[in-house]
Amino acid sequence: MSTVELRRPPSGLRSPEPLRGSGEFHRRLRGAAVRHGPVLLTYGVLKLAGFAVFMYLLDSTGDFRKNDPRFGGGKHAWDVLASWDGWWYQQVAAHGYDPALKPVPGATGLITVEGNSAAFFPLYPALMRLVSECTGLGLFGAGLTVSILASFVAALGVYAVTKRLGGHRAGLVAAGLWAVWPGSGTEWSGYSESLYTALAAWSCHAVMSRRWLTAGLLTCAAGLCRPTAAALVAALAVAAVLSLRRREDGVRRPLAAVAIAPLGLFGYLAWVNYRMGDINGYSKLQDGAWAHKFDWGAHTFKVLTSLPVGHFDYLFARAFEDVIGVCVVLTVPVLTVLLIRLRPPVVLVVYTVLSYLMVMSTQQIFGNVSRYLLPLFPLFVPLALALRRLLWPSLATVLGTAALASGSYAGYVLFVLGVP
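The sequence shown begins at 1 in our numbering and counts up one residue at a time.
Result set (DSS-like, lysine-lysine): computed pairs, CA atoms no more than 27 Å apart in a straight line:
#: 1; residue 1: 293; residue 2: 102
#: 2; residue 1: 302; residue 2: 284
#: 3; residue 1: 284; residue 2: 102
None of these hints come from the bench; they were simulated from the model.
Based on the provided sequences and hints, a complete structural model is requested.
So, in structure tokens, the structure goes:
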């Protein structure tokens, strides 16, 4: 009998083979950890540092204990995170919508309509309800879970966009800037900024990668998150038109993306207006219940000309919060010019410029512009490209200091010294 025959396994039996599926899964998991781990770690460490300072300031001053739980109060410091708009989102998650325009009896001032949850877009509370049902968490915990997870997804999106323009190191810096930017106190709270920014960043990345259907679907989802998604819809449309002119990706995919993108935003607004029986119902609700309305920038101009001379006779004045807001408002045009000089994809420029103009041309609580402008992640690109030149110790010092300070200027000021 030959040696080969002696080594042959008995009939019907096979030599054990490696589990190819399991090995492939672990290989991909390790690859994902190598690619995304530094981004998640950079954002997570910086954000946790700022969040810890925020919680410390809340607990040490204790001012929140004097406030109504709906309006920045509660028994514990973390209760503040789900107050203000967070309370409304919980109402939507728990009870759904009943759109209506109900006049306040005898009201003749600024607020003439009762607040209604229809002012708050449905995607974030829907995910909050889904997580609550699947995990058993209460709506408070489910909302924070959605926001925190979305903030990490947003960090990855910011990194991915910036990496295409400036490389890995710039991408890491941009993810760090997302953690410390003014208004970033809402990233780990019962607000929708993290979710919207995640959708916007990955939508822009999909356009840059010429994955049109993905971009259209993500933009559609963003339209179910915030009304400022109109800027994202327009940015995608402009990019699609340019693609059609250059004949880069055919016709069907860019046109399909343009058709899909506005469905979320316009679909929700149309439904609300229909339920209210008023073609302009949503706008009337925002104006009558929250005094938010398009005013061609009159309120913004009033603030920018009053605050520098020490006058606070404008609507919703909050001195400390408004100073931060003015700094952000004046910084955005500078960063936008620096962004344009880099000649980035047009989708980033249009999204940034239109988002900024939408916020500036609206009457609102001015101090909130720091969070309304938080989703303008393309502004991180020129800063990231400049900061990437620093050595790692210097870069860690800059971002680490900003992270600690953000607990005050991006968190405490927004939630306690202002009205988020």
